[in-house]
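Chemist: Listed below are the residues making up each chain.
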Amino acid sequence: MTAELQTWIGVIATLAIFSFLIKENPFYRFFEYTVIGMSAAHAVVMTWDNYTKPFWVNGVMKGEYYLLIPGAIAVLYYFRYAPPKYQWLYRYPLALIMGYNIGYSLAYDPRPFMTQIRGTFESLKDLNSFIYLVIFIGVVVYFIFTFGNKSAAVGKTRTFARYAMMMYFGVSFGNTVQGRFSLLLGRLLFLLQDWLGLVKLG
Amino acid sequence: MSRFLLLAAAEAQKLPRWGIFVDTDGAVSGFFTAVILTVLTWYYVTSARSGRPMPEIRKLAGLDAIDEAVGRATEMGRPVFLANRTAGVGSVHSFALWGYMGYVARLCAQYDTPFVNIAGSYLAAAVNEGVIKQSYLEAGRPDAFKPDTVRYIPDDQWAWTSAVAGMLKRERPAATMWIGYFYAESMTLAEVGAQIGAIQIAATTNTAQLPFFIAACDYTLIGEEEYAAGAYLSKDPMLTGTIVAEDVGKLIVLGLVVLGAIAQLISPENNFVSKMLQF
Amino acid sequence: MRRNVPVILTTVTAVIVFFSIVLFKTADVWPGRFDRMQQFMAAVMMFMGMANMTRVHGNVVLKKDRNWIFSAWLLLVMYVYAIFGMSVGNTNDTYRWFYNAFIPPVNATMYSMVAFYLTSASYKAFRARTVDAALMMACAVWVMISNVPIGDKLWGSESWLGGMAGVRDWIVSIPNSAVSRGISVGSTLGAFATQLRILLGLERRHLGQG
Amino acid sequence: MLEKLNNLDSRWMYLALVIVLVIPIIKPIGMSISVNKDLTQRMYDFIDSLPPGSLIMFDLASNSSSDTEITPMIYAVMEHMYQKGHKLLVAGQWSSGLAFWSPKIDERAREYGWVYGVDYVNIGYKAGGTSTWRAMGQDFWKGAMEVDINGTPFSELPIMQNIRKLDDKTIDCIVIFESGSPGMETWITYFPTIPLCKGSVAAEISSSVRYIPTGQLKGLIPGMRGAAEYEKLVNRPGIATQLMDAQSMSHLLVVALIALGNIAYFGTKRKMARGR
Chain A
1 MTAELQTWIG VIATLAIFSF LIKENPFYRF FEYTVIGMSA AHAVVMTWDN YTKPFWVNGV
61 MKGEYYLLIP GAIAVLYYFR YAPPKYQWLY RYPLALIMGY NIGYSLAYDP RPFMTQIRGT
121 FESLKDLNSF IYLVIFIGVV VYFIFTFGNK SAAVGKTRTF ARYAMMMYFG VSFGNTVQGR
181 FSLLLGRLLF LLQDWLGLVK LG
Chain B
1 MSRFLLLAAA EAQKLPRWGI FVDTDGAVSG FFTAVILTVL TWYYVTSARS GRPMPEIRKL
61 AGLDAIDEAV GRATEMGRPV FLANRTAGVG SVHSFALWGY MGYVARLCAQ YDTPFVNIAG
121 SYLAAAVNEG VIKQSYLEAG RPDAFKPDTV RYIPDDQWAW TSAVAGMLKR ERPAATMWIG
181 YFYAESMTLA EVGAQIGAIQ IAATTNTAQL PFFIAACDYT LIGEEEYAAG AYLSKDPMLT
241 GTIVAEDVGK LIVLGLVVLG AIAQLISPEN NFVSKMLQF
Chain C
1 MRRNVPVILT TVTAVIVFFS IVLFKTADVW PGRFDRMQQF MAAVMMFMGM ANMTRVHGNV
61 VLKKDRNWIF SAWLLLVMYV YAIFGMSVGN TNDTYRWFYN AFIPPVNATM YSMVAFYLTS
121 ASYKAFRART VDAALMMACA VWVMISNVPI GDKLWGSESW LGGMAGVRDW IVSIPNSAVS
181 RGISVGSTLG AFATQLRILL GLERRHLGQG
Chain D
1 MLEKLNNLDS RWMYLALVIV LVIPIIKPIG MSISVNKDLT QRMYDFIDSL PPGSLIMFDL
61 ASNSSSDTEI TPMIYAVMEH MYQKGHKLLV AGQWSSGLAF WSPKIDERAR EYGWVYGVDY
121 VNIGYKAGGT STWRAMGQDF WKGAMEVDIN GTPFSELPIM QNIRKLDDKT IDCIVIFESG
181 SPGMETWITY FPTIPLCKGS VAAEISSSVR YIPTGQLKGL IPGMRGAAEY EKLVNRPGIA
241 TQLMDAQSMS HLLVVALIAL GNIAYFGTKR KMARGR
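Chains as they are written, first to last, in the working numbering: chain A, 1 to 202; chain B, 1 to 279; chain C, 1 to 210; chain D, 1 to 276.
One chain only, chain A, in its complex shape (with noise of 0.2 angstroms):
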């Protein structure tokens, strides 16, 4: 009974969200507001249930004091919402967060970074990596935004890279049109099959 409730709600649900293909209704507007309310609820919870309580449990409860100085200044980001005179507070888990975050990725992003490189170039033998390699580099000049930009031979590789970047846009969206349309397909299925059984697949 409650599986099948459940799929009287996925229906109703499903329906109610194309409904908005015709016109913006209140029928998809509860689902709308209803999954925000549930989801801003879920990441709380998820987040409680992973990270806050395990941290608190296995490791400030279990000798991680070092935990309780950044645990302590997070807490003034909720200053954010405080008093104007003391809003400033929150700039100091900013502060933390974002040199954290910086710091990480100098160190990590350059690495595959330097294997992207040597990859234009170490495959070089026939004339299909000759190809590669000469697109490769106009798209790296039509990036320069502040040298050569009065020089007519800049300006012609530009031209070159942003016709070999529209070939590459329009294979993209070839591409990414398959998959769309397989999930379209995935939910006629759920429509077609799982609930009316007009069909069986698979």
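If you are wondering where the hints come from, they were derived from the structure by calculation, not from laboratory data.
Ideal Cβ placement from N, Cα and C applies to all residues, glycine included.
Hints are not guaranteed to be accurate.
Among chain D residues calculated to face chain B with C-beta under 10 angstroms, some are [what the hints assert, rightly or not]: (1) S10; (2) S181; (3) T189; (4) Y190; (5) V201; (6) A203; (7) S207; (8) S208.
No farther apart than 27 angstroms at their CA atoms in a straight line, the calculated lysine-lysine pairs in the DSSO-like style are these [to be verified]: (9) C:K63 x B:K146; (10) A:K85 x B:K146; (11) B:K169 x C:K63; (12) B:K235 x B:K250; (13) D:K37 x A:K125; (14) B:K146 x C:K64; (15) D:K165 x A:K62; (16) B:K275 x D:K104; (17) D:K169 x D:K4; (18) D:K126 x D:K169; (19) D:K84 x D:K232; (20) A:K23 x B:K169; (21) C:K153 x D:K37; (22) D:K84 x D:K104; (23) B:K250 x A:K125; (24) A:K156 x B:K59; (25) A:K62 x D:K126; (26) B:K250 x A:K156; (27) D:K104 x A:K200; (28) A:K23 x C:K64.
Mind docking chains B, C and D on chain A? Use the hints.
Modeler: Same frame as chain A, but now just chains B, C and D:
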């Protein structure tokens, strides 16, 4: 096939690394890349500070269009939307976003046009609020900030999208800006925006989503152009200096690639550029 | 104290984290601890989202704006579900039942709607107004046809150049992959520059008003 | 007439799309497909080249939204592993992906007669992101909290006795089924030595192929079409093959609409020019 054998051979032969560094490909060269870029940036920023003229950034139509978009929203008396779903406070996309936000919020305050920011990260929402209030203050309109100027919608991809799509149809903004890293929701956002007739400006580095923004938006900033906005819009010579440093970085990359290609043609086994980058 | 200290704090933290990752051979002692500290901070800040939503929608409810009933419903759902979830845990059957009843179908339907938008967007956007648009359209059409069995019927993969699919594969693996790599090299450098702007204290917008 | 066509209401297109999708589902035609030599075939060959009994790790970095694309891929790769006698370690960077596919994988495993804990194991979702994976690179058991998805300790699972470290000596290949982030970057950045294959949703194909020539990816299954190709390679047609007809029709609809859009555009343009 031989290409793969070659690569496999290169992988098998471990390069000795300096003792204190982590033993991973690109650990040392990556470290130096970070250091060189920092030094370059520092150099150009200092020379900009001392008044040396910086070259101009090439024209970026998408950024020039911001004024037009806000102007039209003012004429029509409709709001301007600026949204990003994924970026948290530590994300480089937020850093870039704040450049746009400061500029657009200031324009909106000057013209008395409602401005709405939709954020997918609650930490970023708090910071965005500060950025917008600051811009309103600079424009002399600190009272323009409303409680619903910054709206946090939980970063559950499709819950977020359903909310934004709903808002687009209900509030009918005259201009929408999609800035930062987007995934599959790009098509829905851009097409719903197009259906309500908004001027749309998009900027993303996610190459997989660029085609959808290009198809349905009026202006699209491709890849790295997203990051140049802060410097381009503020016209601050020091920020321009960082862009110049980045361009020098690109020239170095091009130099390395050309050098590596030549070395590869001469002797694939002893390609010193390749080894240097792997180090 | 209010502006300069956070800037210095950001720079110092970034430098420490950077060297701990680059230099420590036992990669997980200090970088791992920094990871944990950052995660714990995020865990402490977890109610910021609900605070923002309470303010936005609470305001709508108080002013009885358009759709205020929906906003009230949203707040009710959010608080009840959050308090219930935090007291019983996310693996509780009732909690999961509600989750599975509402969220996956809405998500999947929302996602699948992209197919509709894609159809209408390609009708309006792919018009050969400029060389750029014409190139993009031609490639998109080519790939779409070669991705489905009909493409094999039109120009089979056993024939010259590997047929439609063969040409598609060439475009995907040579020009396409070169462009993608070119863009990503640029974005990586651009991201560096953006981060360095914060690291060097040039960009201070995030510190906001006051 | 042409002006009307130029501003055709989107809702007519939506209706047409539903019709062209539903008819082939109910009444399939069954057209044959060719196999992509650079992507699908390469991945098939790589997995085929591993000696029998190799350990392959699945990383489920996706969720139920990508069901129709990813599920046939998982089934097809499992079928291949069954034919070759490989062993399977199921993990995932997305908790929602594990929750969704674990039962389906168990069902297939039962069909193949795989014994849990001997032929395959599911370690479940491990919170903590990349730092957790890196910890597993040092010590798999400790990093993974020493329990599988059901809470069974690793010490009771025979297959786990040989899995002590997440590295290239233990894991012969990682197959990631990905539809977004976190995804393959985790493996490319932190575990570059472990061979990586990818089952990719269609949207990610174009941005992933650049990793193929560098060897960072050993092969790739491109979308539902790729799944159908893999089904053909392992000789067991499934859902992907059955849905390819609906795919064909919808693709043709989009192409027809693009053609129609251009006719309308150029038609009205000429008319406007003449009118002036």
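Chemist: It remains to establish, for every hint, whether it holds in the given structure.
Modeler: Evaluation of the provided hints:
1. S10: 7 angstroms, holds
2. S181: The hint holds - D:S181 has a Cβ within 10 angstroms of chain B, the shortest such distance being about 8 angstroms.
3. T189: 9 angstroms, holds
4. Y190: This hint holds: D:Y190 lies near chain B, its Cβ roughly 8 angstroms from the closest one there, short of 10 angstroms.
5. V201: 9 angstroms, holds
6. A203: At about 5 angstroms, which falls below the 10 angstroms cut-off, the nearest Cβ of chain B leaves the hint on D:A203 intact, so it holds.
7. S207: 5 angstroms, holds
8. S208: 9 angstroms, holds
9. C:K63 x B:K146: Holds, at roughly 13 angstroms.
10. A:K85 x B:K146: 19 angstroms, holds
11. B:K169 x C:K63: 22 angstroms, holds
12. B:K235 x B:K250: 22 angstroms, holds
13. D:K37 x A:K125: 20 angstroms, holds
14. B:K146 x C:K64: 16 angstroms, holds
15. D:K165 x A:K62: Holds: D:K165 and A:K62 sit about 25 angstroms apart, inside 27 angstroms.
16. B:K275 x D:K104: Since the Cα atoms of B:K275 and D:K104 sit roughly 45 angstroms apart, the hinted pair is violated (cutoff 27 angstroms).
17. D:K169 x D:K4: Outside the cut-off at roughly 65 angstroms; violated.
18. D:K126 x D:K169: Cα-Cα ~22 angstroms, so holds.
19. D:K84 x D:K232: Holds, at about 16 angstroms.
20. A:K23 x B:K169: Judged against 27 angstroms, a Cα distance of about 9 angstroms means the pair holds.
21. C:K153 x D:K37: Roughly 18 angstroms separates the two Cα atoms, so the pair holds.
22. D:K84 x D:K104: Distance of about 20 angstroms is within 27 angstroms: holds.
23. B:K250 x A:K125: 24 angstroms, holds
24. A:K156 x B:K59: 16 angstroms, holds
25. A:K62 x D:K126: This hinted pair holds, its Cα atoms lying about 20 angstroms apart.
26. B:K250 x A:K156: OK: B:K250 and A:K156 at ~18 angstroms, within 27 angstroms.
27. D:K104 x A:K200: 17 angstroms, holds
28. A:K23 x C:K64: 24 angstroms, holds
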